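Asker: Chain order of the listed sequences is B and L.
Numbering follows the working numbering, with no gaps: position 182 of the first sequence is 179.
Numbering follows the working numbering, with no gaps: position 181 of the second sequence is 178.
Since the hints were made in silico from the structure, they are not lab data.
Please note that a few of the clues may not be correct.
To be verified - Here are the simulated DSS-like cross-link-like pairs (lysine-lysine), alpha carbons at most 27 Å apart as the crow flies:
1. K137/B - K165/L
2. K39/B - K137/L
3. K137/L - K165/L
4. K165/B - K193/B
5. K39/B - K39/L
6. K108/B - K118/B
7. K165/L - K187/L
8. K165/B - K0/B
9. K108/B - K193/B
A quick note: this is a predicted structure, and the numbers were derived from the prediction, not measured.
Protein chains: 2
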Amino acid sequence: MAKLDTRLYFITDSTFCDEEEFFARVTAALRGGATLIQLREKERSSREYLTLAERLHTITQSFGVPLIIDDRVDIALASGAEGVHLGQSDLPIDRARQICGSRMIIGATAKTVPQALEAYKNGADYLGVGAIYPTTTKVKTVLTSVDTLADICRAVPIPVNAIGGLNKDNIDILSGVPIAGICAVSAIMKADDPEKAARELFTAAAEKLGIGQAV
Amino acid sequence: MAKLDTRLYFITDSTFCDEEEFFARVTAALRGGATLIQLREKERSSREYLTLAERLHTITQSFGVPLIIDDRVDIALASGAEGVHLGQSDLPIDRARQICGSRMIIGATAKTVPQALEAYKNGADYLGVGAIYPTTTKVKTVLTSVDTLADICRAVPIPVNAIGGLNKDNIDILSGVPIAGICAVSAIMKADDPEKAARELFTAAAEKLGIGQAV
């Protein structure tokens, strides 16, 4: 399995810019210190998703950062990506593990302690937990309290990341919670300067939450 | 690889009825002689698609008929289905073959001789060619002429099925074309009596086009 470092987990969004800008922004985020990248596509055909994944994978490989594919185990396998992220409406983790083998990183989404325990039991390698704040990325999402996030961190021995509307100015709320890292979408993707935004978020997570060191 | 018999290839549509009626209709089609079943879902989550595929697979297995999953190699692998069907916007056939192995049936869609040759070269086990008639299932589809269908049949050594708006009363147009079978969606799915509709289509294909024998 590829080395898993979830300190600054950048989840992409290709819906608001053209393809060249998309790749430029993800590259900038990697320069700024993103330690893990997720490609998340909801509207594209399988072939478009694969094409995007392959091109992104050449970029992430050049930074030595694993690429995680949202939802689609087949796209992860075909693109050579290092992992797949499975939400509650995606393939069950144990079923995905059967078809992708032990080397694939499998991440899962959990909103409650029972969901987190279930995901861990079924073989998840990390968890994304939230939304901590309301987010424009997933408008219908249910919020998860910081207390529940803390309970999940204590309940499972795998890395737990906080997700949902997080940015450098509002992560103080997570102080004292033993998360492994921060997930970010808009805070980096839509920033005027994605490299700077990634670096500042990484630094803020380090200084305010004690998560790793700026690179 | 599961035995491939494309004589009456029934492609399902679950969008216009509830789940119980859906399974009842597919079961009826199998009783009526469908030799191959494709599950085609465009709007469902991965988990819903898998759940539907698994339940359908127990039914198709009881008839000894292979189940083909549209588009999603991961759903095919996870459900234990015998095959996957790949359109021009789905995963490339050779990439799919790499991740699903030699035992999986891979079908492809082709509208032209070059597409058919490419699909065959990349490892397709059968082809669906059309649309022969306009269809309500794929409103934006491009029609394929009967002459092109005949050219494709002669160009590749794998089974070629005609698809698109076909029913027992309009398949005469395919007379003399060496197709291996007929694909049907609405003609069976939306029939008052799907079992009777399947049986009549099978019989018409046998009598008018010389395709196999009624079962």
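Asker: Check each numbered hint against the structure and report the violated ones by number, ascending.
Answerer: 1 and 9
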